[in-house]
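Colleague: Here's the letter readout for the chains.
Protein chains: 2
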Amino acid sequence: MLKMSTLFLRTLRDDPADAEVASHRLLVRAGYIRRIAAGIYSWLPLGVITLRNVENVIRQEMDQAGFQEVHFPALLPREAYEATNRWEEYGPSLFRLQDRRGADYLLGPTHEEMFTLMVKGEYSSYKDLPLSIYQIQTKYRDEARPRSGIIRGREFVMKDSYSFDIDDAGLEVSYQKHRDAYVSCFNRLGMKYNIVKAVSGAMGGSKSEEFLAPCSTGEDTYVLCPKCGFAANVEAMVTKVPAGDASATPALEVLNTPNTPTIDSLVDLMNEKFGGGYTAADTLKNIMLMADGTPIAVLVPGDREVDLKRLQENLGGVHELRVFEEADFAKHPSLVKGYIGPQDAAKSGIKVLADPRVAPGTAWISGANKKDHHARYVVNGRDFTPDAYVEAAEVRAGDSCPECNTEIIIDRAIEIGHIFQLGRKYAEALSLTVLDQNGKSQVVTMGSYGIGVSRAVAAIAEQTSDEIGLNWPAEIAPAKVHIVATGKEDLPFDTALDIGQKLEASGITVMLDDRRDASAGVKFKDAELIGNPIIVVVGKALAEGKVEVRVRKSGDKSEVLLADAVSTIAKLLA
Amino acid sequence: MLKMSTLFLRTLRDDPADAEVASHRLLVRAGYIRRIAAGIYSWLPLGVITLRNVENVIRQEMDQAGFQEVHFPALLPREAYEATNRWEEYGPSLFRLQDRRGADYLLGPTHEEMFTLMVKGEYSSYKDLPLSIYQIQTKYRDEARPRSGIIRGREFVMKDSYSFDIDDAGLEVSYQKHRDAYVSCFNRLGMKYNIVKAVSGAMGGSKSEEFLAPCSTGEDTYVLCPKCGFAANVEAMVTKVPAGDASATPALEVLNTPNTPTIDSLVDLMNEKFGGGYTAADTLKNIMLMADGTPIAVLVPGDREVDLKRLQENLGGVHELRVFEEADFAKHPSLVKGYIGPQDAAKSGIKVLADPRVAPGTAWISGANKKDHHARYVVNGRDFTPDAYVEAAEVRAGDSCPECNTEIIIDRAIEIGHIFQLGRKYAEALSLTVLDQNGKSQVVTMGSYGIGVSRAVAAIAEQTSDEIGLNWPAEIAPAKVHIVATGKEDLPFDTALDIGQKLEASGITVMLDDRRDASAGVKFKDAELIGNPIIVVVGKALAEGKVEVRVRKSGDKSEVLLADAVSTIAKLLA
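Chains as they are written, first to last, in UniProt numbering: chain A, 1 to 574; chain B, 1 to 574.
Hints were generated in silico from the structure; no laboratory data involved.
Honestly, I wouldn't trust all of these hints.
Copies of one chain are not kept apart here, so a pair can be met inside one copy or by any two copies together.
[Stated by the list, open to error] Straight-line distance between alpha carbons at most 20 Å, and here's what the computed EDC-like set of lysine to aspartate or glutamate pairs gives:
#1 K488 - D498
#2 K3 - D494
#3 K553 - E82
#4 K525 - E122
#5 K3 - D383
#6 K371 - D490
#7 K553 - D282
#8 K120 - E82
#9 K347 - E548
#10 K3 - E122
#11 K351 - E403
Only a predicted model underlies this, so the values are computations on that prediction, with no experimental measurement involved.
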């Protein structure tokens, strides 16, 4: 029983200055976590219990699915990450250090390499597969902007699993098993979530989905179709635009367009010149970008921005993507800044990638590759031909669902899980092979599956808390019942303790506010802030042989006879 | 149920090349741990279960004692460790790193500072005390020589507790509570251990004891009195030598002693000169040392070496202690190397520390501070006076027990726990104060208490394993019962599974060897190597409706009727 008279807990009346989101504010105020450094938190007793409850749900579901738990160190030698190139690729997000002999180490941000090597060390035959192994472990990422308390920390707890199969069909089965186990986990954790398509290009895998917990302060944006249920993160949203018919479009016409440095000024001039009807959507933006040092041109409609993150994920394998700087233009003098069009792209040797909205057969107003000149009637397929199509433009609410054409909505969420068909990338880099039925060596195919365990605590807090405090689902609350003893007499305190003991005897965890020096008002406020699902008040009603039972979530209150207290509470929790 | 047909486990027939101790050898061979780098190991499924079993015993005993669990990050900012000077003091044993902004961090080797700051953040009154809080957490130490597998690793799991009290009497109570809780822990873990006095001088505390698990390959040496039970680590052994009576000793006599560079040659010369009777124990060694850059002279009997570790711990607060090098002698030309005696020490200004064996009133043969000359009848208190006495000489089996004068024995052990009255050192450095009953600010007094959790797994393996394998106490074995199904028919496999299910239904954990492609011999060997306490063989005896039940520890075997199998096993485990 957690007794507040001795519990290492001091709730705070004021919000912490650096807290922007509800979970951060409330977990600090209710005494669950404390900040040690940017993105680095310690857990007080209530936090430890809640975190462990979440961990246990996840562990049980993993075990239930037949996945086996292992445990890796966080301090890892450089070599394996060198072999997969991630020692470099991680850039400044990787914590690197040297030991006393000057050997390079890192703090593991994720353990694909280590799991691959572990299986390589133990297994050698197709008969050993399939295998799914997992760990619940502390991970490290030196985030550029750690924020939102434990939602985006630099040290955090993660459950990471990896599956190993002899072929793609096996991987598909392992992937589906993980997906099912994740559904069970998040259901038991009482979370609202959407399973959302994600881009898998960059990792070389073939399939990837995210579990997103909708939440207005979430950092992830995703697309949801209110009709057919299609869901994708913004990066994985697919744009389906039919080809245009340009058979009746006049020939390309170059226009003198002085003083049109912006899309708006160009549209204004066009409307002035041709009597109206033009909008920004009729113009074509030709954005010059540097992708790992190689210039590319990206075409999007003039009324949309390029979404660099979305573009990068869809390009796959690009580590640095940025817009052209003055120095880049200086190196490509044939590009007339502000007046670039795709018509002469072939000459420059620069690849042209078009967003799907710039569909074949569509006609545009674009730069004419000549200062102070634009062109109209610039037709895709006639006047220019993109080298490839790639999702590049920002996604907006109201865009069309690729499945059913309904207007999609855009929502915010916290990513709580990610499942991923890795394929053979890591197994190849680290030579994980097994002998197949014919005695031939085969590269193993892998999946990688993560749940943010500490983040889930915050995500649940975000989704369930209200204006008065935290509000946990029973499965993960620090205690199922919070008993408040009030008054100055011994009787309510003795009675509260007695009820608590009876509840614990029947397997129901209890937190008991047995503080003699705190007022009833302070105790009620603390109980609401801490957020256990059932609050029992032992006080005035005791004169009539009754206690008050409150349901934290609904606010429902009722007075019940002392003798019925335990059974009433058990029923409410059932 | 752990089924070996799918368990992620490959036992090894051969010992790993780098394994010097039994626990290391067997934990690797039986598939519990794997080496990742020097002193850094991963845990396979059997290892994870065993480690968690040990963790749970410790957690239950801590909770039982009323200590509250918290959890700190391993990645810690430099500042707090700077305030207590440990950022420097730890030297190369501390893993240090920088984040992307160049701020200094460390990987926590122990968390005194962080716990002190946590309590400072929450508490402010004497009414809040006493408090004991703990964590079970991953720690990092960049050991100069990581070895013995998980016994001395660089990443390891530790339970560390800290107590906070208003006064010394309170600290004494908290200390005793921890001591009792440790006794319960180690008893439940089935360990043999001695509680041994340790030196607490260096840390500024007042009392300190170690829990040592006797083990022939242990790195710690300790002293044990077979009569009264006195136990101390070698550093904390106390030498009681009565004062001598030198009233009849002749006056100091300087002798010409050419060609006596060693104690032996000196003793030979003396015996030649004076007709025998002299031994090395009659001579006085005057060892010149550098203690953090300050020269000191240390006197020990000529038949004993200086134990530098012992001396350093007893000096307290000295970080580097080494013998004089040529360069040091060069800086002190008054010291006649090879012929130094304590007689003229006052002149040199160098402090003279005497081991207690060099008692007041005892007479010695020492150097005469002149090349090729020694002196005899050099009396402590007449011809020289040490500035202080300090335990400096090596301890030997047969030395006298300080309590009862019996000859002590010396044994080896693994340190599995350490309890420590820290006092006010950390609270002072980090300004942890509370208001006392009179509203006056008081510095809190602290205790610090550690158990090596991962090390305990190895220590238990050391103490319980035999020539055929691991041999766990039931409380921490990966499974309580290991069922081996043999033969080619389905019947033994089906029967084994059935027994397993019945055992698990009655709360007894089971490992089932249901491999179809392994021989009975391989299965028996694996069962013995893995070390679960009860082995059940389902095979030939099945024809008579029987199974064989073996007790791993005693080797006792008996055939029992199928119907009695579960109850027989339950009785054996009770």
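Colleague: Hints first: check each against the structure and report whether it holds.
Modeller: Now for the hints, and whether the structure bears them out:
For the identical chains of this complex, K488 and D498 are intra-copy neighbours only, at 17 Å inside a copy versus 59 Å across copies, given an alpha-carbon limit of 20 Å. Taking the closest pair of Cα atoms, K3 and D494 come within 20 Å of each other only inside a single copy of the chain (13 Å); across copies the shortest separation is 50 Å, beyond that limit. Proximity of K553 to E82 under the C-alpha cut-off of 20 Å is found in neither arrangement, the shortest distances being 50 Å within a copy and 46 Å between copies. Taking the shortest alpha-carbon separations for K525 and E122, only the inter-copy value of 18 Å comes in at or below 20 Å, while the best intra-copy value is 55 Å.
Neither within a single protomer nor between protomers do K3 and D383 lie at most 20 Å apart by alpha-carbon distance, with minima of 77 Å and 67 Å respectively. Taking identical chains as interchangeable, the C-alpha atoms of K371 and D490 are never at most 20 Å apart, the minima being 89 Å within one chain and 85 Å between chains. Proximity of K553 to D282 under the C-alpha cut-off of 20 Å is found in neither arrangement, the shortest distances being 52 Å within a copy and 84 Å between copies. For the homomeric pair K120 and E82, the shortest alpha-carbon distance inside one copy (17 Å) is at most 20 Å, but the shortest distance between copies (43 Å) is not.
With identical chains, the CA atoms of K347 and E548 are never at most 20 Å apart, being 81 Å at best within one copy and 85 Å at best between copies. In this assembly of identical chains, K3 and E122 lie within 20 Å of each other by CA distance solely across copies; the values are 17 Å between and 48 Å within a copy. Neither within a single protomer nor between protomers do K351 and E403 lie at most 20 Å apart by alpha-carbon distance, with minima of 30 Å and 88 Å respectively.
Checked against the numbered hints given earlier, the structure breaks hints 3, 5, 6, 7, 9, 11 and satisfies all the rest.
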